[in-house]
Structures are given as C-alpha cells and as structure tokens.
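Residue numbers (the numbering used here), protein chains in the order written: chain A, 4 to 332; chain B, 56 to 604; chain C, 257 to 480.
Don't read these hints as lab results, they were simulated from the structure.
Quick caveat, the model's predicted, so the values are computed rather than measured.
Please note that a few of the clues may not be correct.
Stretch by stretch, here's where chain B covers chain A in the computed footprint (C-beta under 8 Å, at least three residues) [to be verified]: (1) 126-139; (2) 163-172.
Calculated lysine to aspartate or glutamate pairs in the EDC-like style (CA-CA distance at most 16 Å, straight line) [as the list claims (entries may be wrong)]: (3) B:345 <-> B:591; (4) A:183 <-> A:156; (5) A:286 <-> B:129; (6) B:345 <-> A:46; (7) B:345 <-> A:52; (8) A:295 <-> A:272; (9) A:280 <-> A:266; (10) A:286 <-> A:255; (11) A:97 <-> A:228.
Not the full set, but computed from the structure, chain C residues with beta-carbon under 10 Å of chain B [claimed, not checked]: (12) 278; (13) 281; (14) 297; (15) 298; (16) 300; (17) 303; (18) 398; (19) 399; (20) 412; (21) 413; (22) 416; (23) 417; (24) 419.
C-beta atoms are modelled at their ideal positions from N, C-alpha and C, and glycine is treated no differently.
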Amino acid sequence: MDRLHYFVILTTFVMSTAVGLTAIFFFILYRRRSETQTTPHIEPAPLLEAAFVIIPLAFFLLWWVMGYRTAIGLATPPADAMDIYVQGKKWMWKFAYPGGPNSVNVLRVPSGRPVRLLMTSRDVIHSFYVPEFRVKQDVLPGRYSQVWFQAVEPGRFQILCAEYCGAGHSIMRGEVIVLKAEEYEDWVSAQHRGLATKQDGPPTALDFAPPLGNLVDQGRRLAQEQGCVKCHSVDGSQHIGPTWLDLYGRRERLSDGRIVNVDEGYITESMMDPFAKIVDGFKPVMPSFANKLAGPEVAAIVEYIKSLQSDAVRTGPSEGPAYAPVRGR
Amino acid sequence: MRQSEEDREKLGAPPAHDSYLTDGTTVMSWLNTRDHKRVGVMFLAAVVFFLFLGGVFALAIRMKLLYPGPFLFDALTYNRLFTLHGVTMIFLFMIPAIPSAFGNFVLPLMIGARDVAFPRLNLASFYVYLAGAVLAIWAMVHGGADTGWTFYTPYSTTTPTMLFPLLLGVFVLGFSSIMTGINFIVTVHTLRAPGVGWMRLPLFVWSIYATSIIQVLATPVLGLTVLLVALERVLQFGIFDPARGGDPVLFQHFFWFYSHPAVYIMVLPGMAVISECVATFSRKNPFGYKAIAFSSLGIAFVGFFTWGHHLFVAGQSVFDNGVFGVLSMFVGIFTAVKVFNWVGTMYRGAISFKTPFAYICGFLFFLVFGGMTGVALATVALDVHWHDTYFVVAHFHFIMVGAVIMAFLAALHYWFPKMFGRTYHEGWGLVAASLIILGFNATFIPQFLLGNNGMPRRYYQYPEHFQALNVASTAGATLLGFGFVIIFIYLLIALRWGPRCEQNPWRSKGFEWLTESPPPTHNFDRIPHITQDPHDYRTHAPSGVYADV
Amino acid sequence: MSEAAALPPGEHPARGADPHLAHHFSSLERQVDASRLGMWLFLCTEVLLFAGLFTGYAVYRYSFPIAFAASARTSEIWAGTLNTVVLITSSLTVALAIHFVRTGRQRAAVVCLLITLAFALTFLGIKAIEYTAHFHEHQLPGRYYRFEGVRLPGASMYWALYFLMTGLHGLHVLIGMSVLGVIAWRTSRGYYTPHYYVGIELAGLYWHLVDLIWIFLFPLLYLI
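One chain only, chain A, in its complex shape:
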C-alpha cells in the first residue's frame, strides 16, 4: 500500500510540474511580439484529443486497480483474526476482550496476529484511526463496523478520532500497545486472575493518592469509564467543564447571574439535566447521564467529587498527571 502511495504521489508531482513547465516553455517561445499580432487558427487532431483522454485514463485505471485490490484486502479480515470489541463515546475509546478484561483508551494486542475490531458508538459518529497501521473506519451509533490489522512488531501507536465529534474531538485519543505474543498471554491471564484491578486510562493525581474508601474508589473508576474526567479536571486546572477539585461546597455563579450552592442535589441535577444550571463562563455541551447511570453509581460519583478537596489531593506523593494534555500557554 505504501508503494502504491509513493507511485501515486510521484506521478502527481511529475504531471503538475510538467504542465507548469510546458506553460512556461510556451510563454518563452511564443511571447507577444506586437500588440496587434495575429495568430494561426489551430485545431487539434482527433488523435491528439484521444491521447489526452487515453493517457490519463490509463494511469488512473492503473491506480484504481492497484488501490482496489488493496482495499479488498483491507476490508476482508482473515478467518483466524482475534476479535476485540470497541465502543466509542464522547470522548473516549473502550475496549472489551471476549471473555476477558476491559480497558479504556489503551488497546493491548499481540504482535504477528491479525486482530479484528468490532466497533460501535454510543452517541455520535467517531472514526477509529491508527496512522501507523494505515487503518481507519467510522464508528457509528446503532450499527457495528469492523476493521482489522496485524501489528508486525511490538511498540506503542497512537489512536486518533478522525470524525469530528464535538468539543473533545481532538483529545479523543488512545494508544495501541503491541506486545510480544507471550507477553500478551501473560497480561491476559493476569487480568483473568484478577491480579491487576487497576483500570487503564490516563492516570490522574488521584491514582497516586492514598485510598479514600470504597465508594470513592468506585466513583473514581466510574468517572474515568464514563469519560467525566475528559472535561472535568480533578487537579484544579480549567477545562471544558468546571474542575471537580474543591467543587463540593463551593458557591458557583450561574450564567443567568444566580448563585448556587454546590451540594449533592446540584451535582446530581447537573448529571441528569446538564443544561438546567450552567456555571458562568462554561458552554452547555455536557451530555445528559439520565438513564445511563444507576442510582448507586451516581452516589459513588458524588462521593468521589466530595472527596476531591485540595487537602486530600495534596497529601499524595506525586504531583501532576502523567498523561495530561499538553498546554501551550
């Protein structure tokens, strides 16, 4: 496929340069000698016109045949491909291994083995794109699409979302970690034994903080799974939504000028009906979580937010999120 790519780019360059040079050559050769110069009437021979059609047609068809054969290969996963389920949602990738573990934003695959991804979206259209693997496939709500690849050697490769999906489109990124076959088997069996309980995903300062009790832990995990932390930072930095740090107990100024006390009721309302009360300076972009979270889950997230007081975080041994988006300011 990359060879076809170079062939195509090369012919493009040659052709556009050739046309440009011909124009310049003609200009030098046939400069206007006088303002009233007359020129002969020239009609092209039919054979020449035919050549104008046939030569590009031949090239284009050659490209097409080469490209289409590759495309059929790209669209046909081998029978022995390993299946992984993918769910896209605003703005994260969730991966589920059949009968095995789940992960968020990190996809582990063995090298040298074809992998087929069965993908669907929970909200809008996303597109699964790994530039290094030359694969891309839209992820649609309400239906499954598939894509397959075979990683040649171990390494880490970026997953990007290629279909515009809203405010967090550009940070809907993940990572493919290609492991050696045996390392992958080890990882899977470790997951099955339940030794590794830690979920994948961008670790936050809280990952390094001392444990804060059961409900809070659950809330933190949920907040990552549901993608809350994509917009709400937990370290006080400003993002798409208000930060959760010290949120509980704060007095927030709303866009309509009212002041609201942040308590359990307000937090729950904002999850279920995000547009009811918008904090001043923020845009109404949050999706509603009504019917998406069970009662206990809501409680866990509220408890998690309540736990996020500056003191609680600062006791942690580590500062600064390892994966936090790069800030240019």
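Fit chains B and C to the known structure of chain A by using the hints.
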C-alpha cells in the same frame, strides 16, 4: 462616479451616452435595478465582503494552530470558527462568486443579449441571497454552530448550538442558487444574438451553462436535507436517529449528493474564466474548443455519480467503494482534457504576461496538483489512510482556494476594465499575484505533509510532533492574507482614481468586448450579428457587425 | 414567471407596442418560450426535492418492510382514494381553463379556475380530517408514536415519512392555490388573451405537477 463634461474631455474618452454606472445614481436606482450588470456588481460587493469574513475566520484558526495545546481561545470557539469558515466560504462566497457576480455581468454580453431572460428573478435572487446571508450571520452572532459545514448527523441533531438559523440560511441560499441557475439556462437557450450558434458560444458560457444545470438539479436535494435535519432538531422525527431506526449514514448520502456536485458548481465557473483568459492572453483560438465545451457538460453529468467517495470509510460496501472510485476518476479525465487543451491554446500563440495570466499559471499548477491528489484520494485503499486528515483539507483547498480563487482573481482583473472602465496598477497586480501564489503554496503544501503523517482534520489540539508543519502553514496563510489586502487596496484606488481605459484594453476578441467599457444600460444599441467564432485571432476585423433587429 | 415589464420610454420605438413584450426579447414567441423553459426547469427542481423523500422512503421500506406494510394498512384508504379522484378532476378543470382562455371564453375560464380552487380546498379538508384521526390515534412520527395497533420497530418511521411527504405536498397545494387565485383574478380582469396566455399555462403546469406527485404518494403511502 458622475464626471463633469469638462473631465470627460480631459480624459479623452467621452462616452456617447450614460454607461450602466451613471444611468441613475441614487441608492434606489441600484437596489431596485433590473439590470444584470448592476445585480452582478452588487453580488461582487457582497461576495468580496464574505471572502474577507471567511478569510478572517481562516486566519484565526491558523493562529490557534501555532501551538499544539490550548491557545488563544477554547475548543468550542475553535469548532465554531471552522464551521463558520466553511459555511461562509462555501455557501456565501464560493457558490455565488463567479456565476452570480461575473456570470451575471458578462454572460448576457457574451451572447449579445440585452439582459438575462428574467431580470426580476435575477434581482430577487440577490435579495434571497442577502436574506440567507442575514440568517447565517444572525446565527454566527448568536453563538454560531459547531458541527462543521457538513452538518453530520447525529452530532448536528444533538449539539446545543445555534444550528437552526444556520440551516435555514443555507436552505434560503439554495433558492438563490436555483434562481440564478434557471435564469442562465433560459438565457442561453433563448437570448443568443443572431450568429451565435451553440458551437459559437464562448467557452465561459458553456461552463456556466453546465454549472447552472448542476445548480438546478442538485440544490433541491440539499434544501430537503437541511430541512430534515432542522425538523429532526425541532420535532425529533427520528429520520436520522439510530435509536428510532433511522440511519445517520443516509444523511451523508443525501448531503454529498448535493455537496459533491456543489464542488463543480464552484470549480466549473473557475474553468470558465480560465478558458476565456487563456485565449485572450495567448491571442489564440481555443485549442480543442469542442473538447473543452463538452468536458464541462461531462463533469456536470459524471459529478452526480461520485458522491460515494466521501463515504469510503463510513461503512459503505467494498463494491460501492470501487464503483464510486472509478466514476470519480472520470471527472479527472474530463479535467485533464481541459488542462491539456488550455496548455495547447498557448501553443504558437502570442502570450503577454499580464496579471490575469499570472493567475492562469497558478490555476493550472493548483488544478493539476489538486486534481491529481483528488484522483489519488479516489483510489480506495489510499483514501483509507488519508480520509478526514489534513491531506483531504489540503486537497480541496488546492481546488477551492488554489484553483477557484485564482480564477476569481483572474476574472476580477480581466473584467475590471469592462465593469468599471478603469485600469489598475499592473506592477502591484503582479506583486500581489506572486505573493498569493507563494503564500498559498506555503500554506497548503505543509498540510499535505501533515495529513500524510496522520493529523486528522478539525483538531483543536494536536500531537506535538506536528507543530513545525503547522507553524509553516500559518506563516504561509499570513502571506496569503497580505496578498489579498494589497489587491483590495489597489483595486479600490483604481475604482476611484484609476486611469480611464479604452473599450477593449486587452484587444480581446471575446464577444463581451464588442460593446463599450463600461457598457451602456441596455448593453447594445443595436444587437450585433456575430460573424466569427469567439477568439478568432486570424484577423483584426471585429467579430460582429451591427444589424437592426 | 412572465416578464411583462413595460417598454422603457424612448427605447426602440420601432418595435411593436405589445404591452407584454419585455425590452430584451426580440419577439413575444421567444419570450413565451423562455417562460415555458424556465417553468419546466423549476418543475425539475421540485421533482428533485421530492426525489430525496422518495429515496428516504425506499431506504426505510427496505429496512422495515413489515412495519411499513402494517402501518399503511391502518391509514385511511377511503380518504386517500377520494383525494386522488379530487385532485385528478381538478387537473382536468385547470386544463379546461387553459382551453377556454385560448378560445377567448374568459368567463368560463374563471369559473373553471374557481372550481379548481374548490377542489383544492376539498383536498385539504379531507387531509385535515385524516390528520386529526392520526393525531387522536397517536399515529405520529418519532418519539410521539404511541399507536397500539402496530407496535413494530420502524412504524414510527412510516409516520415520519407520511407526515413529511404529505406535509410537503400539502404545502405545494397551498402554494398552487395562491398561484391559481392570482391567475383567476387576472383572468377576470382580462389580462390573458387568446394570443397571450402563458401565465395561466404555467400555473396549470405547476398544478399538474402537484397532482402527479400525489399520484406517486397515494400508492406508496396507502396501498402497498
């Protein structure tokens, strides 16, 4: 604009009677005009304004992209900006730019008509355009929309931004486009002067005719599509909602059924301008007149069957992908035929390198490069990697900005004396042209590389290793912006103080130069009887004689 | 769509003083040809507008064949049939009106146009009765669908398309009625003559298109 008698004598070009510019100078005489030339000039003013607006949006986007992280404004503002940039440039500038402004002005002159077939409809088209523009601006001022100009469902049906007035604006603008299209087709059919047979139509007219066919046949589908999205937002009919059995990809089919041909609504008029300019500045008859004329119709026809190449990775079957891929390539063939024939026109001509010719050279390079990367994108397997990356962005900007704006500027410079009877400063013209061509390459060639390295489009933040190319692109865009400012300044100066020109400053044998510059209100005192093919430079004899009708 | 601007004062005194002839046309026949061509092109855009909806119908009928068939059986077939008869007859009266103008019988033409308007009103009346019934039964699009008779996935899509197609068609009936109203008034004032009747002819064309679209809608929404 009105000159005193004294001034006229001093300038040595006393018009025999009022030109269309001086025939009534009140504001109402413009706003209530039936004259196709005045409507054309009003359209020109409007599209230049929107070009400026869209350009400002573009520069804002490029400034943000100097840094990979958050910078200048937040993600939502960024998303609104690229949406507004797309909507402004496509619906408010590009689609009406050449057909409604220059087409309106010169098409009737070129076929020896006194006006378009339906002058009132023509004026209505302008006001409908303004109404659509007002709706769009209203949406922009009240928060704007953040869907991208493609309005993909289900994002567009769920986003809480001001999409409704914007969709309504696009719907209304469609009407304007249809009105202009109908008007031109009928004009070409019924108002040709004696001697102007179909095979003697100037190539500009052929291309505009092909454009009008697309406008008439494709625009209603867009109208319906945006209407469905608007209804879906207000009433939740569920047509595109997967939760109710709807299919979001159906929207993409509907949308591209219009919006792919719409690309040819934008490009064909550009080709129209180039066909005229190449002949004039080479002083040569068009090489392969029939080939150029029929390839316009060919593009219009095939353009209706290529929309699926926007859906190669959207879950379309592999068979469909192949078919749409090969059909898309036929557009490339027709375009190649045109390019070869334009270059052929220069063969054994008498070329003079004036500002419009500089734009022709730019146009040819951008069209071939942009066109061939387009064919490369139609090569299914390659599109999988390039789809929705900056490669696509660079490709369509090569066609839309590279080719079409080059043609727009060529037309502006070529017909400026025709429209206003004055000339601009040639030296500044060439300086601005080289700035623009240089700046354009500097803006978009890095974007090809970015896309090839895998940077998706519509990204507010991007991985850091893309920064160098992004900075290069922004630098190029700044240069491009400077070029436009220079053009704007010297053309404004020329409008007021430029030296008066003779009737046919380029010594062109295009039919539009048979009448005075600027033309009188009714174009021709007597309808000319055309006796030669357009751009026949074998003799100096005028291409038409006057006969009473 | 006819361009009947008066001759500019002082221009082309040699040309005949026909009040219908616009200054930029060489003859009235040319001008009438132009108007006809313009109207046909406009009708093309209308066909394309509905083509989008027909495509949508085809796609979703293919996805939900059983739900669509079941829903179509619950529509008011008597009303659809009656409306078809009403519309086809109204096309006849429009055609007659054109015939009468061409033969110089203006009054008969006006009567025919008024009958057409009455038919159009009848059509809308029957449609309104249908709509009311559907609203009562909750045979409504999207999330408003709560009809007990058919509870299949895709049934709400049938009603979405039903209301979109008949609604858009109804809008065209309304536009057609206002056009015919203006034409009837102009005819009664003697604006059209046996030599110049292009306005009424074009209005008739439009009305036939409205009729034709219904002829496609009727079997799709009621019969199959």
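Against the structure, the hints:
no.: 1; hint: 126-139; verdict: holds (count 10)
no.: 2; hint: 163-172; verdict: holds (count 10)
no.: 3; hint: B:345 <-> B:591; verdict: 15 Å, holds
no.: 4; hint: A:183 <-> A:156; verdict: 8 Å, holds
no.: 5; hint: A:286 <-> B:129; verdict: 10 Å, holds
no.: 6; hint: B:345 <-> A:46; verdict: 10 Å, holds
no.: 7; hint: B:345 <-> A:52; verdict: 10 Å, holds
no.: 8; hint: A:295 <-> A:272; verdict: 14 Å, holds
no.: 9; hint: A:280 <-> A:266; verdict: 13 Å, holds
no.: 10; hint: A:286 <-> A:255; verdict: 15 Å, holds
no.: 11; hint: A:97 <-> A:228; verdict: 8 Å, holds
no.: 12; hint: 278; verdict: 8 Å, holds
no.: 13; hint: 281; verdict: 7 Å, holds
no.: 14; hint: 297; verdict: 5 Å, holds
no.: 15; hint: 298; verdict: 6 Å, holds
no.: 16; hint: 300; verdict: 6 Å, holds
no.: 17; hint: 303; verdict: 8 Å, holds
no.: 18; hint: 398; verdict: 4 Å, holds
no.: 19; hint: 399; verdict: 5 Å, holds
no.: 20; hint: 412; verdict: 6 Å, holds
no.: 21; hint: 413; verdict: 5 Å, holds
no.: 22; hint: 416; verdict: 4 Å, holds
no.: 23; hint: 417; verdict: 8 Å, holds
no.: 24; hint: 419; verdict: 8 Å, holds
Every hint from the earlier list agrees with this structure, and none is contradicted.
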